[in-house]
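J.: Top line first, the protein sequences correspond to chains A, B, C and D.
Its first residue numbered 529, the first sequence is counted upward by one per residue in my numbering.
Its first residue numbered 529, the second sequence is counted upward by one per residue in my numbering.
Its first residue numbered 529, the third sequence is counted upward by one per residue in my numbering.
Its first residue numbered 529, the fourth sequence is counted upward by one per residue in my numbering.
Treat the hints with caution; some may be incorrect.
One copy or two, either will do: identical chains are not told apart, so a pair holds if it fits within one copy or between any two.
[Stated by the list, open to error] With a straight-line cut-off of 30 angstroms between C-alpha atoms, the simulated DSSO-like cross-links for lysine-lysine are:
| hint | residue 1 | residue 2 |
| --- | --- | --- |
| 1 | Lys625 | Lys803 |
| 2 | Lys734 | Lys822 |
| 3 | Lys762 | Lys665 |
| 4 | Lys535 | Lys665 |
| 5 | Lys822 | Lys625 |
| 6 | Lys846 | Lys690 |
| 7 | Lys846 | Lys817 |
| 8 | Lys762 | Lys868 |
| 9 | Lys638 | Lys690 |
| 10 | Lys808 | Lys581 |
| 11 | Lys868 | Lys808 |
| 12 | Lys726 | Lys665 |
| 13 | Lys625 | Lys808 |
| 14 | Lys563 | Lys690 |
| 15 | Lys937 | Lys869 |
| 16 | Lys625 | Lys665 |
| 17 | Lys581 | Lys734 |
| 18 | Lys563 | Lys762 |
| 19 | Lys813 | Lys581 |
| 20 | Lys690 | Lys625 |
| 21 | Lys822 | Lys762 |
| 22 | Lys625 | Lys937 |
| 23 | Lys937 | Lys817 |
| 24 | Lys937 | Lys762 |
| 25 | Lys868 | Lys638 |
| 26 | Lys563 | Lys846 |
| 27 | Lys726 | Lys869 |
By construction, these hints were calculated from the structure, which means they are not laboratory data.
Chain by chain, the residues run as shown.
Protein chains: 4
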Amino acid sequence: MTDTLIKVDLNQPAPENEQIHNRWHPDIPMACWVKPGDDFILETYDWTGGAIKNDDDASDVRDVDLSTVHYLSGPVGVQGAEPGDLLVVELLDIGAKQDSLWGFNGFFSKNNGGGFLTDYFPDAQKSIWDFEGMFTKSRHIPGVRFAGLIHPGLIGCLPDPKLLSAWNEREQALIDTNPTRVPPLANPPFAATAHAGKASGTLRDKIAAEGARTVPPREHGGNCDIKDLSRGSKIFFPVYVDGAGLSVGDLHFSQGDGEITFCGAIEMAGWVHMKVEVIKGGMAKYGIKNPIFKPSPIVPTYNNYLIFEGISVDDNGKQAYLDVNLAYQQACLNAIEYLKKFGYSGAQGYSLLGSAPVQGHISGVVDIPNACATLWLPTDIFEFDINPSAAGPTRFLDGSINMPIAYDK
Amino acid sequence: MTDTLIKVDLNQPAPENEQIHNRWHPDIPMACWVKPGDDFILETYDWTGGAIKNDDDASDVRDVDLSTVHYLSGPVGVQGAEPGDLLVVELLDIGAKQDSLWGFNGFFSKNNGGGFLTDYFPDAQKSIWDFEGMFTKSRHIPGVRFAGLIHPGLIGCLPDPKLLSAWNEREQALIDTNPTRVPPLANPPFAATAHAGKASGTLRDKIAAEGARTVPPREHGGNCDIKDLSRGSKIFFPVYVDGAGLSVGDLHFSQGDGEITFCGAIEMAGWVHMKVEVIKGGMAKYGIKNPIFKPSPIVPTYNNYLIFEGISVDDNGKQAYLDVNLAYQQACLNAIEYLKKFGYSGAQGYSLLGSAPVQGHISGVVDIPNACATLWLPTDIFEFDINPSAAGPTRFLDGSINMPIAYDK
Amino acid sequence: MTDTLIKVDLNQPAPENEQIHNRWHPDIPMACWVKPGDDFILETYDWTGGAIKNDDDASDVRDVDLSTVHYLSGPVGVQGAEPGDLLVVELLDIGAKQDSLWGFNGFFSKNNGGGFLTDYFPDAQKSIWDFEGMFTKSRHIPGVRFAGLIHPGLIGCLPDPKLLSAWNEREQALIDTNPTRVPPLANPPFAATAHAGKASGTLRDKIAAEGARTVPPREHGGNCDIKDLSRGSKIFFPVYVDGAGLSVGDLHFSQGDGEITFCGAIEMAGWVHMKVEVIKGGMAKYGIKNPIFKPSPIVPTYNNYLIFEGISVDDNGKQAYLDVNLAYQQACLNAIEYLKKFGYSGAQGYSLLGSAPVQGHISGVVDIPNACATLWLPTDIFEFDINPSAAGPTRFLDGSINMPIAYDK
Amino acid sequence: MTDTLIKVDLNQPAPENEQIHNRWHPDIPMACWVKPGDDFILETYDWTGGAIKNDDDASDVRDVDLSTVHYLSGPVGVQGAEPGDLLVVELLDIGAKQDSLWGFNGFFSKNNGGGFLTDYFPDAQKSIWDFEGMFTKSRHIPGVRFAGLIHPGLIGCLPDPKLLSAWNEREQALIDTNPTRVPPLANPPFAATAHAGKASGTLRDKIAAEGARTVPPREHGGNCDIKDLSRGSKIFFPVYVDGAGLSVGDLHFSQGDGEITFCGAIEMAGWVHMKVEVIKGGMAKYGIKNPIFKPSPIVPTYNNYLIFEGISVDDNGKQAYLDVNLAYQQACLNAIEYLKKFGYSGAQGYSLLGSAPVQGHISGVVDIPNACATLWLPTDIFEFDINPSAAGPTRFLDGSINMPIAYDK
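The following block holds chain A by itself, in its conformation from the complex (with noise of 0.2 angstroms):
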């Protein structure tokens, strides 16, 4: 039986366990060591700690604080990995814990942290998930069900003081350009709900005033948000510190790409069977910046697309020059209207392309001054035919069931 060297106890506030941490900093100290070659468990909570409910009333997702947010299970550390060293992590299995059987997507509030169509759904709303196996389906968006393309929305090694440095000094550098936007461009280090795993004393003080917070996806990896870094996948990671310190958290069942709704995927308390190994100086060797990865060979197969186009110009009919947000920002909306045609809400339309294992192309990017980015939409997670015919739409939906919204107070 392999060992479970973190253990996550749902009931217990994450806070207080000391195998979690919520910041990027070197001092935090290891949770546990292994040594190259060894697989093992760890166990996580979702990434709100526990925040978010599974009921039918969105007033947790407008409330929730963002300041508190990732709770990480780590740092682990590997015996020998030296910085300059490549990690490599194998994510042997991932699923979802025996007593959590589901998960939660939803978007904030514009006014605390909104999500990439905030503009369009300034509310906070949600949508719970259950787990049959497998799969997955939503009392609040009917009509589809789907297997789940489970990953870790955050995993990577601790940052050396240089880079730490680099990412605070970079960021609130940009923070500093229009300080009181809404929602913010970036999170400074934030002392107050900071949890540093085993620190105390002037050691947790430290680490809670320096480190940094862990929504980016920054040169260790992060918060990549990349739903391909599926179970099955294998991953080189940069070595920054002795030992790596390898923390990861954030499982998500499913997830579109640019998990646009930001609260987030479909967002659950799991674990991860990993197997660790590194490759000396492999950062010079291969030249690695970022971290690289080989996809999983064992993904869920959904073959049939149904593409939507988006181009770099505006809803008011501005242009802009070469925009591939702004390009699959029109690509979702074009794609959410489709789906009204249908009897899809909105807000159900942007929480499926948040949750469903849909594909965000990069398509065109130099054909000035428009940029094209593609959403691709798998036909086959619908339970009746979502496809253009000459009939025209069928409306299989009635509207009698939506997603929860809790307005702002």
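Position chains B, C and D relative to chain A; hints supplied.
T.: Here is chains B, C and D on its own, set in the frame of chain A:
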């Protein structure tokens, strides 16, 4: 035998062929007419009309006149198609012209169009690709060979006057923000090199004066450069004018997501066998603004990938806000750096990313302040093992072969 | 948390567990009951009930008592299911028991069951496979590692008395054509080792006397050993008795088409999470005699194959008439011969073909007098390059490791 | 432009074309010569040399003279190829002749060749398939349309005298076991209709007298009818004579595993673009008896299947011993019965199973006494939903269209 409605003689200059045009305008006369249900073949020039030669000299890429592109075959009038309809186009097959079994890829000089990585590769370079049936390889980039994901870079219907005006106005407004930028932000109508098909006299002059340039993708589709719009796919185009006016060109033997090299994919002259149907009133029925499409059931399968991450921090460590373009640029640069370890030059790596069936995914777009993009490099296109290992990379190439370069005069 | 309706303690002998049985008979009492729409978990023994050990001694394979197999979990009664219905079973997930993360493959002695190539490998041998999350590898067959295509070798519903009689009669008629054959043509009921679940006394004796053996697949499904009946698939079973009486067992971590090694695939103890529905009168509605099924959307993807042909001419050059069995046997032998060139022993090659996700296709079956069968060997399961090249094969294995063998006493 | 080394004029009788032959014999003169590394095109007749017409009358299928088939293009001599080498043939592309964009499928009369289900469909019938680029559909079998998995049914090298003798001897020995069987067990040499290419006079007579018939697949490959030997695949053929002598013909636009209808797949006239290389001494290096091959990276993807099981018990309830042929026959009949529920005639179902990209798997071959075979029917080739549901099947076809039939005279 299927009728070839538009023929192309590669020895005849494209501007002399009356079934070819290089601007978008509602008044361009139909080159031919078909009925719904018809299938037919259109031959095409390469996008430059033959400006680039199958040789080892990149000066043709350096000196290309971008005001002349793209040379399109059409417009094809479809009887009964009216504004508001959807024109359903099935790409039954696509191929190279038998007397031109090769294609080109390259990047323009930064002073004449540039490319996605023009700051890193500012000079004109090209690679020539030979076709062997369904496969291609290049004498300028050894060690790779792959099956073509053949597709038209450009396909769409004629705009109506209102849409045309909107295009010209919004693009001019963008140009006006920085009219002297090199490369330019967008290209306004340019009469001197306009080719309006069968139009002559004042009609030709009107089209030349007003006709939108063909480089950007727009609401009608156009130059989307979507590699997955491949033979076997079915596209649903908005119709704006009576008869629809479908044009096609810019055939690619293969391309990576983004067409990052701009000049371009693996560009070729060829033919398209297509079939058309009409969905009456389809734009309103399905809420269509941009084209949607179903991908082909028959595409090359390269399922083993090595995936590179990029985040929206530039080479100087400057932090951008959720900028997918920058994140994808960084992912591309990371991949090129990796390829260098196996012996490729930077230019060869860049050209390869623009030519091979590389995927570009918008992986994370909400984790402030960093967007995350991933570049998926198929490993089976290489004739050697490109995967990372504990032993480190082997240099398979000795650097004796490189891509032709032509410095600015 | 999903209910586990049948529990298995691997330390308890299978014949003592009242929710287990090893014969097919309409009178076996239901082990438990569920309703249409329910999902639930059944734990299972390995098919031999623990007779094969995780060690390096093949005497257990040699000495196995085949009259005791297969130990099945069930029957599960489904409320409302009646003869003529279809029982729809969705395999929501399948896994190994956490205290038994390994499996076995082997071939029986020719004198005790044999296997598909028993004339070439007449002695008992085995290989042990360790599970690492979704992957497996064997200390007895170096150089391969692959993801599991996990599935039950055996699943089906109870027969009614008429069907049971037909089975016993037709199989006895076959036996009677050559009653002393080694291995036998079929196995008749055998009371001594019958396990009838909860039944006792005269009922148990009746079941033991009449109960059909579990080895062959039959109209109800049963021991089909279809590797693609994997987790995520949905099966439509004929119902013959009130309550259907669904039983399952003989879990495989992986198997090649044909299960040519007989003992067997990669055999394991584990659990099945399933969900049941009923289609009333479905047998007549769809003309169903044998089960039909939809494969899973989530299976390991090994798309690179090396394919071996075989024709129906035996090793002595004798011509058979359109004999697919012989053709597949020849294809297997051809593959084994090829594998030997890379250093594998014949037994290792044989075991690998029975264990890995090998495909066996009926390629041509009308071209008199030769059938043609093909064996598809996935090349990505090997840790080295198994493809042919002008340079010839490299011996990656030195022969120091082989599979345990136990000669007949 | 690639050289076309063998040209076929469909208006010229195949026996008059000196680069065509219809027997296997070492003395057939090479039709042309190439060098290793060359790529070239060979045109081909359909396998019957034009005997079957694009009309609605099946009498041509009934009356076909099977002693005339197959008309093959070649042999192509490869300089330097010697006995014991492997000839590596890459199928760069394959297509239909532009003046013959259609194909035929059918089953022979039981009295003239029959087919896999000839006891159920004893009369000659045919269906005609029209090609639309990469797709095909039939006016005789409504409701299906699919992309072609184009391949040669027959390809291989000339035998040497020893191998030829072995073929003729073993096949005659089989015939001798039941010389009057209808259909026959095998076909011996038959001089009257032999076509020996360029050979004339006594050489021609020798070849005609001794030449092996082309119907069966044999050690050299030959008429394997492997649907996956499609364009893009790479085949490694044993070489028996100096120059190898590669011949090809019997092109199929599409075929199901087994080619169960015998007449045949979707048969067509066309062309093959191929490239040859030689592996010196490759037969011994790799232990090759029959050809091996690598499948194409570019094949139609139909991943949604409905799978039918069959076991080796015949319609009368008689038990056979591990008979895969019978099991596959039963799986085919099960599928046909299912298709009837949607309105197809039995003949249409049978023809569809022979024409569409159906898979036939050897699923279980050791579970005495029943073999289990599975037939994989791709559901996306249907224009309506063919899946089972609680509502039962809908009859999409009204039976007004059926396949032409020609009863024996």
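J.: Please go over all the hints and tell whether each is borne out by the structure.
T.: How the hints compare with the structure:
{"no.": "1", "hint": "Lys625 with Lys803", "verdict": "both (20 angstroms within a copy, 20 angstroms between copies)"}
{"no.": "2", "hint": "Lys734 with Lys822", "verdict": "neither (36 angstroms within a copy, 54 angstroms between copies)"}
{"no.": "3", "hint": "Lys762 with Lys665", "verdict": "both (28 angstroms within a copy, 17 angstroms between copies)"}
{"no.": "4", "hint": "Lys535 with Lys665", "verdict": "both (28 angstroms within a copy, 28 angstroms between copies)"}
{"no.": "5", "hint": "Lys822 with Lys625", "verdict": "both (26 angstroms within a copy, 28 angstroms between copies)"}
{"no.": "6", "hint": "Lys846 with Lys690", "verdict": "between (41 angstroms within a copy, 15 angstroms between copies)"}
{"no.": "7", "hint": "Lys846 with Lys817", "verdict": "between (36 angstroms within a copy, 15 angstroms between copies)"}
{"no.": "8", "hint": "Lys762 with Lys868", "verdict": "between (38 angstroms within a copy, 22 angstroms between copies)"}
{"no.": "9", "hint": "Lys638 with Lys690", "verdict": "neither (34 angstroms within a copy, 35 angstroms between copies)"}
{"no.": "10", "hint": "Lys808 with Lys581", "verdict": "neither (44 angstroms within a copy, 38 angstroms between copies)"}
{"no.": "11", "hint": "Lys868 with Lys808", "verdict": "between (53 angstroms within a copy, 19 angstroms between copies)"}
{"no.": "12", "hint": "Lys726 with Lys665", "verdict": "neither (38 angstroms within a copy, 37 angstroms between copies)"}
{"no.": "13", "hint": "Lys625 with Lys808", "verdict": "neither (35 angstroms within a copy, 36 angstroms between copies)"}
{"no.": "14", "hint": "Lys563 with Lys690", "verdict": "within (26 angstroms within a copy, 61 angstroms between copies)"}
{"no.": "15", "hint": "Lys937 with Lys869", "verdict": "neither (32 angstroms within a copy, 56 angstroms between copies)"}
{"no.": "16", "hint": "Lys625 with Lys665", "verdict": "both (17 angstroms within a copy, 27 angstroms between copies)"}
{"no.": "17", "hint": "Lys581 with Lys734", "verdict": "neither (33 angstroms within a copy, 54 angstroms between copies)"}
{"no.": "18", "hint": "Lys563 with Lys762", "verdict": "within (17 angstroms within a copy, 41 angstroms between copies)"}
{"no.": "19", "hint": "Lys813 with Lys581", "verdict": "neither (46 angstroms within a copy, 38 angstroms between copies)"}
{"no.": "20", "hint": "Lys690 with Lys625", "verdict": "neither (37 angstroms within a copy, 46 angstroms between copies)"}
{"no.": "21", "hint": "Lys822 with Lys762", "verdict": "both (5 angstroms within a copy, 26 angstroms between copies)"}
{"no.": "22", "hint": "Lys625 with Lys937", "verdict": "neither (34 angstroms within a copy, 50 angstroms between copies)"}
{"no.": "23", "hint": "Lys937 with Lys817", "verdict": "neither (44 angstroms within a copy, 36 angstroms between copies)"}
{"no.": "24", "hint": "Lys937 with Lys762", "verdict": "neither (45 angstroms within a copy, 47 angstroms between copies)"}
{"no.": "25", "hint": "Lys868 with Lys638", "verdict": "within (23 angstroms within a copy, 44 angstroms between copies)"}
{"no.": "26", "hint": "Lys563 with Lys846", "verdict": "neither (56 angstroms within a copy, 37 angstroms between copies)"}
{"no.": "27", "hint": "Lys726 with Lys869", "verdict": "neither (53 angstroms within a copy, 41 angstroms between copies)"}
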